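Just so you know, the protein sequences line up as chains W and A, in that order.
The first sequence: position 128 = 127 (numbering that gives the first Met the number 0), numbered continuously.
The second sequence: position 184 = 183 (numbering that gives the first Met the number 0), numbered continuously.
Check each hint, because a few of them may be wrong.
[To be verified] Derived lysine to any residue pairs resembling SDA-like cross-links, with alpha carbons at most 20 Å apart:
hint	chain 1	residue 1	chain 2	residue 2
1	A	424	W	280
2	A	424	A	271
3	A	18	A	54
4	A	252	W	251
5	A	408	W	219
6	W	117	A	468
Just so you know, the hints here were simulated from the structure itself, not pulled from any lab data.
Since the structure is predicted, the reported quantities are computational estimates derived from the model, not experimental observations.
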Amino acid sequence: MRKTYKLYIGGAFPRSESGRSYIVNNAKGKFLANASQASRKDARDAVVAARKAFSGWHGRTAYNRGQVLYRIAEVMEGRHQQFSAEVAAGEGLSISKARAVVDEAIDRWVWYAGWADKLAQVVGSSNPVAGPYFDFSLPEATGVVAVLAPQDSSLLGLTSVIAPAIVSGNTVVAVSSYERPLPAVTLGEVMATSDVPGGVVNILTGSASEIGPWLASHQDVNAIDLCGIESSDEARDLEIAAAGNLKRVRRPGPEDWSADQGLSRLTQYLELKTVWHPIGV
Amino acid sequence: MSRFEYAPAPESRAIVDIKSSYGLFVNGQFTDATDGKPFKTVSPSSEEVLAEVSEAGPADVDRAVRAARKAYEKVWGPMSGKDRAKYLFRIARLIQERSRELAVLESLDNGKPIRESRDVDIPLVAAHFFYYAGWADKLEYAGAGDDPRPWGVAGQVIPWNFPMLMLAWKIAPALAAGNTVVLKPAETTPLTALAFAEICQQADLPPGVVNIVTGAGRTGQALVEHPDVDKIAFTGSTAVGRAIAKAIAGTEKAVTLELGGKAANIVFEDAPIDQTIEGIVNGIFFNQGHVCCAGSRLLVQESVYDEVLGRLKRRMETLRVGDPLDKNTDIGAINSPAQLAKIRELSQIGEDEGAERWSPECELPSQGYWFPPTVFTGVSQAHRIAREEIFGPVLSVLTFRTPAEAVEKANNTPFGLSAGIWTEKGSRILWMANQLRAGVVWANTFNRFDPTSPFGGYKESGYGREGGRHGLEAYLAH
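Isolated chain A (complex conformation) (with noise of 0.2 Å):
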C-alpha cells in the first residue's frame, strides 16, 4: 500500500517570544543567580540553543525559600481561602488566554508534539488551576480534619516530561492550600515555569508565594535539604526518591513521592481490538513514551498475539515522526542526549538478552534527539526490558493464556504506577481491577487525566497521590 503524502501543516512559532537569558523568579522578581553557572536550554527536535538559563546554587535557594517564608507568614497564610481562590481563578484564566503562547513554548523547549501539548497538556494545566481554585475556600470540606492547616513552604520538584502540566499539579493544590513553594523545573525544559513566572506577575500574586529556581539536581538537592522547607513533592525517577526519602530521614518534612512504572496493558481475547490498538499506542507512545505510567509491558493472551501484533506493527507504520510543531506529528523528539543514549542501551540489552526488535521504516531528522517506535517481541518477564523504565517508545511484548496468570505477571514488578484491561466483560474489569497492586487502572482506556481523578503508585512507584481531594490532602497537614 502507498502511503499518503502529507504537507507540512506547521504550527508558527511566531506567537513566543523568547528571550536570549532568563534569571531565576524569587520574590515577584526576576533576578540574577548568584552561586552558579548559567547553562542553555535547546530544543531537541532541532538542537537549536533557545535560551540561556540561570542554575541557583544552595544560596540563590535559600534566597527563594526565605521569600516563600516571608511571604507564607506575612501575606498567603493569613489571607481568606476567598481570596486566595480568586489569585488561582486568575491565573486559570491567564494561562486560558496564552495558550498557544505556552503550547508552542512546551513543543520547541521538550520536543513533545504541538497536537499533544495543544491538545492535552496545557488544557489540563488550566483545568487544575481552576479545580484547586476552588478547593481554597471550602478546606474544611476536603477530609482533612475540621481544622486543617498548611505546611507552610513546599519545595517542588519537577520532570521533564509534562514541564507545565506537572508544574500545575504541584503549585495549585499547594497554593489552594494556602502554602507557599520554591518550584524547580527540570534542567532541560525550564521555558514553561519561566513563563509561568510571568503569568503570577500578571496576575499580581503577592511576592513571594510563587518562586522558581531553575539548575539541575544540585539545586534540587539544595532545595529538598533546606531546613527551612516543610513539606517535599517530588516527581522523577525510583532512584532520585529514593535519595530524597533518605535525605529527609529523621526530620519533621512532609513528602510525597511519585516516581517510576512499568505499567501492564493487559489484552484479553474478547477486547475491542481497534479501540484496543489505539489504546495500546495511546500507552506507550503518547509523549513519546516520556509518561511513569506508560503501558510499556503489553500483555497478550496467546490466543490473540498474531492478530493483535499484526494490527499493532501495521498501526506503527502510520505513526509520523518528526518536526514537533507540525500538527501531523504523533511523535516527537527524545527530549535529550541522556534520554536517547539510555533508551538505546536499554533497547540494544532487549535484544543481547534474546528479544526479538522491530521498528516500522522511517526517516528520522537528521538534527536533533530521536528513536523511531518500538516493539520487542519473545520478551520474558527476566528481561531487563520487562523490569527497568525505559521511558521511551519502546515496548515489550509478552503474553498469557488465564486472567490469573496475566495478574500475576503485571503485578511481577517492584513499580505499581498504572495498568491497563483491555476486554468486553465488565466483571472481568472489575476482578482485574482489584487484583492489580497499582494506583490508576485504565480499562478500555490509558493515559486519562484529569484534576479531578487521584493519580500516584503503590510499592516503589512512591507515595502520596497528586489530584483531587486526596491531592488536595497532601498539602494539608492533620
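So here's chain W without its partners, still in its complex pose (with noise of 0.2 Å):
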C-alpha cells in the first residue's frame, strides 16, 4: 500500500499549509511518493512549536531524557524494515548495507541517550575563585535550535544532527534532505510513539534553500545547523542572516557520519550557566 508522508510539526503530522507537494523519486529515478513541501509558514509553525515544548523538556530530568532517546532507538528498532527499505531506495545502497546503516542510527541514539546525565559531569565545573563563595558551572540547552539537514544521508546523518541537539534540552527544527525526505518523515512517526513530547522534534520535508533563510533569521530561533547546505554562498548568506539575533551558527564543513562523533555538536548547542553564592555561617 502506498503510504502518505506528511510533516511533523508539534506531535502532529500536517500536510503543508501551503498545499504543496513534490515527487520523490528513488536513486533510479522511479517514482516512490509525493512529499509535503513546506513552506515558510510551516517552518514558523514548528519554531512556535518548538519553542513551547522547550521549557517542558529542558526541565526534565537529564535522566528521564536520556531515558527517552533510548526508548526512540527502542521504537526504531521495530521499524527497521521499513527505515531499511526507505534508506535503500533513497541513497541507491543495497539492502543489506542500507541495514547497517539503520543499525548504526540506532546505535547512535544509544549513544546520545547515555550523555544526557553525563553532560554536566564532563562539561561543568565547580570552580575555585579566591574569595568566600561557592561558585559553579552548569551546561544548559540554549533553546530552539534549527538544523538544515544533510542531504545525502538521510537517516544516520539526520539522527547524527537531531541527537545531539535534543540531548542536552533543545528542541529542534529540521529541514530534511530534499532529495531523500522519507526515512525523515518515518523517524516523526518514531518520535510520536517514543514517550519525545510533540514540539521536542519538528521535521519539515522540503527545500533547505527555500526554507533556510526564514529559520535563519527567526528571532526566536537560537541556534542554527547548515550542514546540509551545499553552496558556500547560500551558507555565507544564511550566516549573516543568523547574525540578526546573534544564533550560535554551526558552519557546514566536511563530515563523515560514520565515525564516532565527539562532543562537538553536542557542545554547540550549550550554554553555560555560573553561580555565585558566599560561604559563611
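If you follow the hints, you should be able to join the two separate chains into one complex; please do so.
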C-alpha cells in the first residue's frame, strides 16, 4: 500500500499549509511518493511548537531525557525493515548496506542517550575562586535549534544532527534531505510514539534553500546547523541572517557520519551558567 | 543628619610617567603608524590631554598580523608549553610589581575610582595571568580532546570599561593556548595596554607574540576582517558584535563575542536587607555602571518595596562622586562625552515615558564628564530604560509578587548575561538559578569575578565563555 508522507509539527502530522507537495524518486529515478513541501509558514509554526515545548523538555531530568532517547532507539528497531527499505531506495544502497546504516543510526541514538546524565559532569565545573564563595558552572540547553539536515545521509546524518541537540534539552526544527525525505518522515512517526513530547522534534520535508533563510533570520531560533547547505555562498548568506539575533551557528564542513561523532556538536548547543553564592555561617 | 566632611586622600600620580606620544606596538617594538592620524587620549575627570596616540590603519594592522603570524610559526607555536608558562608567570609578576602604577594610570585614563582599579582591576589582571600560566603546559587536560591546537593568530578587540582587565581576559588564555595576538584597545583608554606592551618587553617576550594596535572602529574593523586572522575575540556592544558576526560569515574564523546585558537583580522579601542594599549599589554603581553585567533592572518583591527603596536612597546619599584618584571616591567620571550623552538621552527618555527620576543631592565637578547616581521608579517592562543597556549609573526599579513572576520579568529581555538573587531561602536560590536564562547568576552577592570562573552570556549577550577552563577552550581548535 502506498503511504502518505506528511510533515511532523508539534506532535501532529499536518500536510503543508501551502498545499504543496513534490515528487520523490528513488536513486534510479523511479517514483516513490509525493512528499509535503513545507513552506515558510510551516517553518514558523514549527518554531512556535518548538518554543512551546522547550521549557517542559528542558525542565525534565537528565535521567528522563536519556530514557526517552533510548526509547527512540527501541521504537526504531521495531521499524527496522521500513527504514532499511527507505534508505536503500533513497540512497541507492543494497538492502544489506542500508540495514547496516539503520543499525548505526539506532546505535547513535543509544550513544547520545547515555550522554544525557553525563554532560554536566564532563562539561560543567566547580570553580575554586579566590574568595569565600561557592561557585559552579553547569551546561544548559540554548533553546530552539534549527537544523538543515545533510542532503546525502538521509537517516544516519539526520540522526547525527538531531540527537546531540535534543539530548541536552534543546528543541529542534529540522529540514530533511530534499531528494531523500522519506526516512525523515518515518523518523517523525517514531518520535510520535517514543514518549518524545510533541514539539521537541519537528520535521519539515522540503527545500533547505527555500526555508533556510526564514529559519536563519527567525528571532526565536537560538542556533542553526547549516550542514545540509552545499553552496558556500548560500551558507554565508544564512550565517549573515543568523547574526541578526546572534544565533549560535554551526558552519557546514566535511562530515563523516559513520565516524565517532565526538562532543563538538553536543557542546555547540549548550550555554554555560555560572552560579555564585557566599560561604559563611 | 549632617554629613561628615572627608578630607581628600588623593593617590599620587607621581608614580606614573606618561609619555607625550605613543606609537603602535608591533613585533616587539614601538613604531610609528603609517596610515592613520594620531589622536589624543584625555582624562575624563579633568579633560586633561594625557598623551597622543597613534591610529593604526589597515596597513599597520597588516604589519601587526604578519608579525603575529611569524611569531606563531617560528617561535610561540613550536615552543613547549612549559616555556610559554614561564613567560606568562613572569608577566604576572611584573604586573604585581607595577600594580600601583597601573592602577593610577587606569584611573587617570578611564575615570574609574582608584579604590576599584587598585583593589579589583589590577589584582584580577595579575590573577588571570597566573591562572592561565599554569594551563600552558597542561592543555591536553583542558577538555578539548587529546591533541588540542591553538587557532593561530587571534585578533582581539576590547572595550573601555575595564581596559587592563579585558586585556588580561583576552591575552592570557590566548597565549597559554599557544596563539599569538593582535589586540586593539578602546580609543578612549589605550594607555594601560601600551604600558602592558612595555611589560612584554621587560618579560623578554619574543617579538610578535603580543602586538597592540591603537585606534577606533576603523582599526578594529581592519583587524576583524584581516584574512590572516584565525580567531576573533570581541567584548563590547551587541550592535558591534552583530556586525562582526556578519563580517566574518562564510569565513573559517573562530569567534567569541561577549556583548551587552540588562541584568535583573531580584530582591525577595526575606532577603538579608543590609547586604542586599550593598549588593544593589555594587551591582549598578560599580565602575559608574559601565559594566555589561551591571544589575540595571532591580526587581523588588512588592511587600518590601518601600523599605528597600527607602534604604537604597539613604545609601545613595552617602556615595561620593568625584576625583577618581581620591581614595574616598565611590563613583568616578563617565568615560567619554559620547557615553555621557547617551546616558543623558536615555535618562531623559525614561522621564518622558513616565518613570520617576531621583538622584541624591550631589555636587559634580565643573570639569570632566559626570553623571550622578540615579534611580528610576514606576518603571514598566515596556520602558526603554528597562530594555536598553544604558551603561551608566542608572537603575530602573520594577516590582513583582511571586517567584514565577520574577523569573518571567527577569527573562523578558533579548540579553542573557547575568542576574542576581537576594533571599535567605536556599531552595529558592537554586530554583531561581535554574530558571534564569543568564550566563552568570550571583546569589546574595553581585559583580564577582575570578580567573577560574567562566563568564559569558546567553542569547544576544553573545557566545563563548571567558575565564576558567571554558575560557581556555575558546582558544583551542578541537
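Here is what the structure says about each hint:
no.: 1; hint: A/424 x W/280; result: 14 Å, holds
no.: 2; hint: A/424 x A/271; result: 10 Å, holds
no.: 3; hint: A/18 x A/54; result: 16 Å, holds
no.: 4; hint: A/252 x W/251; result: 13 Å, holds
no.: 5; hint: A/408 x W/219; result: 17 Å, holds
no.: 6; hint: W/117 x A/468; result: 18 Å, holds
The earlier numbered hints are all upheld by this structure, with none contradicted.
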